[in-house]
Structure formats: C-alpha cells, structure tokens
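Line by line, the protein sequences are chains A and B.
Using my numbering, the letters of the first sequence map in sequence onto residues 1 to 199.
Using my numbering, the letters of the second sequence map in sequence onto residues 1001 to 1334.
Which residues of chain B face chain A? A partial, calculated answer using Cβ under 7 angstroms: (1) A1141; (2) A1148; (3) L1152.
Hints in this document: simulated from the structure, not taken from any laboratory.
Note that CB positions come from ideal geometry on N, CA and C, so glycine has one too.
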Amino acid sequence: MKRIFGLFVLMALFSLPAFADIRLPDTPSPSPTPANTPKPEPAAVDSTMQIEFSKNEKTARLVIPKSQLNRLRAELDALDGGGAATLSGISRAQTVAGGLFLSLAVVFGGVWFVRSGKNASKKVRIAAAGALLFFGGAFLSVAFANIAPATNADITSQIFNNRFFTRPLGLRGAVKLEIADSGDRIRLIVPHVITEDSK
Amino acid sequence: MQEIQRAKLEISSAQIFVAGFLAFAVLSAAAIGAFPLQASIITIFLFAGVHNWFEFRYFAARMPRVWGKSRLYYTLGIGGVIALTAGYILIYFGSGNWLWSAANWDFAVSAWNTAFVLWVGTLFYLRGRQKPQTDWSWAFAVAFLSAAFVWLAPTLFSLSLVYLHPFIALWFLERQIRRTRPEWLRAYHFCLLTIPFFIAGLYLLFANVPDLSGETMLFRRITQHAGSGILTNLSSHFLVAAHVFLETIHYTVWILLIPLADRRAVPWRVREIPLAARDKGFPKLAAGILAIGVLLVFALWLGFSVNYETTRDVYFAFAIAHVLAEFPFLVKML
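Extracted from the complex, chain A is given alone in its bound form:
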C-alpha cells in the first residue's frame, strides 16, 4: 500500500509541470553559428495607447488598428523567420518529446520502485527519495519560479484604484481583443463603473 501511495505521489509531483498553468521560462534557442548572432529582441513596435471609460460597455475591449497589427506581424515574421510555431520558446515537438520522456521516466521509475521492494537496500531507498525530492523540487521550481499570479479582477475604471496596485504584480481580467480597420492608435475601452466609494 505504501508503495502504491508512493507511486501516486511520484506521479502527482511529475504531473505538476504538465498542469501548472504558468509558462516555462523562455529557453534561448541555440544557433548554428551563435558566435556572431545577436540576441533576438522581443517583437515590439512603437505605438500610442488611449484609455477610454465607457458606461455602455460590460467587458473591457482592447482595439488594435490593422496598421499596428501588420507592423507587429512583420516584426514577428522577421523574428522567427516564419518558421515552426513556438510557444514560450518551446516548440510543439519539444513539448511532445519532453512529455513523452517524462511519462516514460515515471513509468520506469514506478516499475523499478515496485520491483525493488524489499530487496532495495536502505542506501538505495534514501538515494531514490533524494532523487525524487531533487527532481520534484526542480520541476516545482520550473513551474512556480515565476512571480505569483496577478490579482484577478474585472477590468473596469476601478482598475485605476490604488488598492489593485499595492502589490507590484498588477491585476488580470477578461478583455476582448478587436481589430479596427482604421486608425493608428491602440484603444483600451474599459467599462465606467461608479461605486459607493467613488461617489
């Protein structure tokens, strides 16, 4: 029973990286001739943003003009050469292969753990427990080493209230992304909410 419980704990630990909804840190991609290759800058274009309050809105809207979007797209194309889709610096192939090998590691580790049973010496058990703690800790670090998630809140005119920014993490909430055919300015339209405090 203890072994089965241990196996479940092992699986739970290794499943953390798969289910933790926090992106992995970016991995710099090696280049065939990296000595001369400058570090890629994040895709960025200079623009201006206008924040508007609207009593008619229920959800915040971020309106991006097509002109700005095209510029951003051009930057992105230049950055990755229009190559294979990557997310957070890890390509789909990497994710699949990484997940596959992680699963195999859990399976083989579990089989060994169950098989070793009474035959395993105390030293081996301690080593296994140490390895489990180390790798579990390493994966936990990967999963949670990023800053804590921001406060969840509706994005309304109240976001400019100081209480949301007592922590340096800001807040996050739902927003609709829209593409505007005209204009050259990004607009963030937030519902204008009047509370008792603000009256």
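Given the coordinates of chain A, work out where chain B should sit on it, guided by the hints.
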C-alpha cells in the same frame, strides 16, 4: 631505566597529496581569475592533446583482451562511442549548411542528446546486470528524465555537459584511488569538498564585474563555450574563469594524478596494458596506435601554432569522442 623516545614528525603521502592539491588549486584559481582568456588559450594549447593521449592510454590499459561476459557491454559501449561521435561531427560541421534550418538543427541536437542519455542509461543497466543481486533498472528512469530535460531545456542541458565533464575525471580518480591507493581516499574526499569553495570564491570576485572582451572571434568563442550566451545574468569573466579552472583540474587529474594513483597508467609502462602483452596480445598494434596518438598531439600543437582558432574548433568537434569514451569505462568501474 626510563627510555626517552623522540616523536618523529612524519608526513604521510596523503598529507602531501592534500597540500599539493590545495597549493595547485589556489595558484591556478588566482591566475585563471586574473587572466581567464589567456589561461583558456594556454591550457588548451598545452594540455588538450596531451590529456587525450593519457586518457586513451588509461582506457587501453583497462580494456580486457577477452570481453567474455562483458561482450554486450563493450560492444554497446564502443559502438555507442563511434556512432555518437559520427553523429556529433555530422551535426557540428553540418550546422553551417543551407539545408539546415535553425529548427532542424535544434531537433538534431536534441535527438543526439537523447541518444546519448539513453546510451548511458543502458550502460548502467547492463553493468547492474553483471553485479549479483543488483537491479539498476532505475537507470532507465533517470535516463528518460534526463531526456525530458534535453527536450524542455536543450541549451541548458548542453551547457550542463560542458561543466559536468571535468567532474567525470574526478570520479575516475576516486574509483582509481579506492582500488590502488585507499590510504588517499579521505584526503581526496577532502580535496573534492574544497572545489565548491574555489568556485564560490571566483563567483564572489568576478560574477558582477564587466564582461570579458569580445573583440575577436576567438574571445567570443571562448566566452560562448563557457555559456555567456545562455547565463546572461552572470559576467562572462566568472563563467570563463570557472570553466577554465574546472578544465585545468580535469587536465591535472588525467596527466598527473591518475598515473600517480595507478602504476598501470604510467605512460612508459606499455607492458602493463593487457592488449599490448606479448602473449595473446597485439603489442605492435597497441604500440603503433599509441605512437600515432603522440604524433596527433604534436600535430595539434602545430595546428594551434599556425591557426589557433580553427584548430580549437576542430579539436572540440573531435574531442567529443574522449568525452563519450569515458562513460563505458567509468560505469564499468562502479
């Protein structure tokens, strides 16, 4: 009648070992910390080829004439060294080819690293099968876990190999001392414990100083080799110093300490090599291969003198063979 005995001050060989190791480590850490780029150039020029020859000589002495029950182990070990070296050289020299996109290159590197960790895992498993009442099937779990790391953080994995490789020599020396100089074991363990302090000292002194000069391609190659393009929050001065310090310890172990610990590894004792034994051995072949090795060392010195940068690149491409060859022999000693 009372006898008066004078206590003799005896210094054991283990104490001399510790004193020598610490003196060498202090001096080399100071010199390397002060002039990391120059130290990198000089140590590779002087010792890269020589230490490869010593390693080859050591492995030749450990290779049995008849493989017997270890046939599968050695076949996989030697075969793996040849196949992985060929694959590595193909990827290394093919990287500038227009057929290779960055994505394909990344994929090829990760595939090679995966084959490498699975090969090492299999060697551990096979070695475990040779030992009575031992189950080393955990090696597969560790190998697969490492393979996951290979794919999720490929550059960090490659960099970790660069920094872990010097420690393999230290592990060899530990196994060798256990066998032939057990009286040095405690002293050696003490020496091992001091290495993190040297690295910490280099970190405290150089982690926040300005990066090293990148004015020439050679300097950029050296800093890049030490991981300056990956660990961007650390000064390249510290990274190069730490890497060269560890490499210097690695060279010292192979060229000086292992021959001191094992008489079979003393270069001129060729008769100690089983493969070179006159009866049932291949003395001429073994002597010929060792002589070719000496010629290659001189050729490497000549190449470094004529064009250091290109020779360095070529050396590090082929040097993967000696990195790989360490594993079958190390695992066999466990």
